[in-house]
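Got chain A; can you put chain B on it based on the hints?
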Amino acid sequence: MTYLLRRLLHILAVVIISTSLGFFVLHVVPGDPLGMSTEQAGRSAEVRQQLQTQYGLDQPMLTQYAVFVKRAVVGDWGNSLSSGRPVTVALKEALANSLMLSGTGLFLAVVLGMTIGALQGWKPNSFAGRTLGSTLTALYVIPEFILAIAFIFLFAYHWSLFPIGGSADPVLSVIGSATQQLRDRVWHLALPAITLAIGWGAAVARQQRNALLDVRGEDYVRTARAKGLSERMVFFQHVLPTALTPVVVVIGLMLPVLVGGAVVVETVFAWPGLGSLLLKAINARDYPMVSGAIVLTGVVVAAGSLLTDTVLVALNPRLRVASAAGGNS
Amino acid sequence: MHEARALQHIQMFGNRGTRHRERLGQLTYGGVGVDEATENGTSGGVGEGGKHAIESIGITGNHMVTSMPTLIVLRKCTRQTAVNMGSACKYTVPNLYVGSTEPGRQPTLECDSAGIYASAQPGEFDAPIIFPLFPTIMFAPRYHILAVFVTLAACSGTDSRSAASSATDVLTIATPADADALIPQLVQSTQGKQATDMLFDYLAQPTSTLETVGDAGFKPSLASSWAWSSDSLSIAFTLTSKARWHDGQPVRAADVKFSYALYVDPAIASPHASNFEGIDSVSVRDSLTAVVWWKRRNPEQFYQIATSLAIVPEHLLASEPRATLAQSAYAQHPVGSGRYRFEQWARDRQLMLTADSTNFRGRPTFKRVVWIVSADPTAASLSVLSGQADVLESVRGDAFVNARKSTKVRTVEYGSLDYAFMVLNSERTVGGNRRLFGDRAMRVALTAALNRPAMVSNALDSLGAVALGPFTRSATGVDTAMRQIAFDAARAGLTLDSLGWKTDAVDKLRKKNGKALRFELLVPTASATRLKFGVLIQAQLASMGVTVDLAPLDQGMFVSRLEKGDFDAALNMWRTDPSPVAGLRQVWASPHGQEIGANYGRYSSKSFDAIVDSAAVEFSAAKRQALFRKAYQLIVEDAAGIWLYEPRNFAAINSRIEPTGMRAYAWWADLADWNVTSARVANAPANTAANAKP
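Chains A and B, in that order, give the protein sequences.
For the first sequence, our numbering assigns the number 1128 to the initial residue and increments by one for each residue that follows.
For the second sequence, our numbering assigns the number 8 to the initial residue and increments by one for each residue that follows.
The hints are simulated quantities; they were obtained by calculation from the structure and are not laboratory data.
Do not take every clue at face value.
[Unchecked claim] Below, computed lysine-lysine pairings styled on DSBU-like, alpha-carbon distance capped at 35 Å:
id: 1; chain 1: B; residue 1: 200; chain 2: A; residue 2: 1219
id: 2; chain 1: B; residue 1: 509; chain 2: B; residue 2: 519
id: 3; chain 1: B; residue 1: 539; chain 2: A; residue 2: 1407
id: 4; chain 1: B; residue 1: 200; chain 2: B; residue 2: 412
id: 5; chain 1: A; residue 1: 1407; chain 2: B; residue 2: 415
id: 6; chain 1: B; residue 1: 412; chain 2: A; residue 2: 1407
id: 7; chain 1: A; residue 1: 1197; chain 2: B; residue 2: 571
id: 8; chain 1: B; residue 1: 571; chain 2: A; residue 2: 1407
id: 9; chain 1: B; residue 1: 200; chain 2: A; residue 2: 1407
Pulled out of the complex, with its shape left as it was, chain A reads as follows:
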């Protein structure tokens, strides 16, 4: 309990520091949210003054920060400077899209990576393991942007198996039945999710493979074999649980990307996620939107970190003891 409380306080500190930094950095960087294009900048001084007053941009930075903190506490960041819509609504939509894309990508990556990694680690010289591993590594070294464009060219443009971009068909999303819309969403999700899964899956596979190679030579594994256990039993009961720890760490490290780390793929596939929303907001110096996105990202990342730690503690008894000792100290 004390451990959990300590972690929650830690998360709170991380969120406060990161969001405050984000706020000040954005306000210090040159650029006026009301004059981001030369056309906007050419507006009359009267109109600009009016807008500045309306959005509170004429206030001192510390006053603006106080407003930001107040809004962060109540979860209301006002309206976007570039689109005028409530930031909370925009973030909610973008977060849902990001979680759908990155969540699917991460799930596929874990399944793909752990399967291939297990195959490579347990039977390192097998043809299948080596071939799959090499293929995944080769795809891993290709930059995400190139991979995304290549996939679009092959699977969407050349073979017409998937749509080129977007998260849903424009017409079906209005008039299609629920089933049609569901299938359409899956169809649109497939290519970007697979693109993400390949890179992440390769990382998981390598970690899984190395962990298994380390564990399979341990004394207790030899003992398990000496007891007459089948290879399957040895693998699933003695090797895999221990080898999962570093893999969970890697997966935990990937959790932040769930909310904002798929910018490139989101941009290329025109997927309206949080990453691309944040990028656009930064480019437009859309202070409320960026503030909201930073707080949201900070909270989700910190929560992901807590989740990872909790899973690790559950998986590894030694960490349990250490955390208990830390909690008591």
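Relative to the frame of chain A, chain B by itself:
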């Protein structure tokens, strides 16, 4: 009685296929009925957002479900309904979906057609219409299984092509960014302007040759006629009585007055408020006549009001707080009077408008227009090349080459109002030299030192032309043969020598008082073309002994430094106004104190200002044109900026579409009347140049 009439309307055209198709035929045989009409005056009829009884549905073809033409006959066919339906109580919809097949429940039908949307509340078009089936005529239980099958079949490989197979069902526009707003008074983005131009009406519409003086270059739109006062200080616009808002209410003169008030209200802080400078007020003479009053007459007053004032509905907006208009419910579901009505807006993803089948100017060609946001240019061009999108307003580089080769798309050239130039900060002290670029001789020397045709050829190939001045070749009455400062490195060198910038024998740099001629050039990273030009300018000036430090900046920093005057030189681009007065004054009029407009280089010329002022009030077309030519010649010879290039605009458009009236200031101006020449994604070796300019 009901069933008898239903059977009368059942139409089947053969069973040419499989057993499955035969069963579909049987499915229609019993007819499908929908009970009571719920017509109500406020929500209108089909296409007007009201619910209507469907007497029978007969399947007129034997296609699979996603492209199944369906005849719908209204049970209560009143005169008003007939008008709403397009003068018929029978209506054929192209697509039919069968769904909701849970055990114990009746299947439901959804009809896909722009005119077959219904809603209980005016303006609500989010949900698809679902016509409930009533027990009197229903599917036999065994067909529930069939319904499941056909529903699933409809879902496979779903996209716009299957959902809307007709060539005129959907026009999809791939666009790099989403609209920022859908209220004309608030819109700033091009995408927002495109959508609001289709949703809302203006009093008059420019003809293809945009003449900004007088009213000769305009045709009626919302106003069926207009009359000038004897002193030309007011124009009385008579609105057509046929015009209706999309919620069925008539468009009235009070809406015109209200719309003007919104534009100029400081609480709105409209970016277009300055367009109404010189207008005194708008009054209402009667319900269909609005009078616009000017403080003083000017040659462009008709152009000013006709192209700037989009009419919005007072009855829906009057109660909205002005300061929070952008957050209002109306801003999310705008109701206009244009030929397209709002259907759906998924932010950062897509915007969909649907044809207003009852519009007084006739039904548009396409039943829906959809903007799909595709920020990545490669993905956007592939979407058009593959036929998943129909229009990409600008293709460049490899995408242009691929589009030219493709049989699925045509490339269509249209005019451009964009010109790029190097803005030189005439107030800046550069390298200790006060107002280095304030000296005309220095500006002329730098212009002559640059081989602009070679740069354009290098960076743009044939997709651009050397800019002639602060205008483009698409502008009305432009003299493309006017004298230019030609590339002449020797002359440029001599001029620099005469200014004291001598070439150092050791490092070959031009120096004066021991200091090198060196300046910083800002370039926005968002523009690949300007980045290329930056490198080329750096190389060409280096050969003259002039050092250029390139400073690539993101858009925010770029504009910020321009505004503050914190720069030596910058590569800027400007989309000029169709009106030469506005186009020149915005960027090149001398600063008035801190008011510089977009004249970031702080260029100042009293002669130039005087000529433009004279042209602005000149009513004689010939004299006015002569004055503008004089102003252009002066500013070109003055080298107020170094005119670099104007891009040639090429749109990639699906071959089945024959666009018309693509104009430099609005390629979408006549989109509602574009022609469809063949089936969707047809193979047509068409690479035509419509409105080819330059």
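Here's how the hints hold up against the structure:
1. B/200 x A/1219: 27 Å, holds
2. B/509 x B/519: OK: residue 509 of chain B and residue 519 of chain B at ~7 Å, within 35 Å.
3. B/539 x A/1407: 24 Å, holds
4. B/200 x B/412: With a Cα-Cα distance of about 31 Å, the restraint between residue 200 of chain B and residue 412 of chain B holds, given a limit of 35 Å.
5. A/1407 x B/415: Within the cut-off at roughly 32 Å; holds.
6. B/412 x A/1407: Holds, at roughly 34 Å.
7. A/1197 x B/571: 32 Å, holds
8. B/571 x A/1407: Cα-Cα ~23 Å, so holds.
9. B/200 x A/1407: Holds, because 20 Å separates the two Cα atoms, which is no more than 35 Å.
In summary, this structure violates none of the numbered hints.
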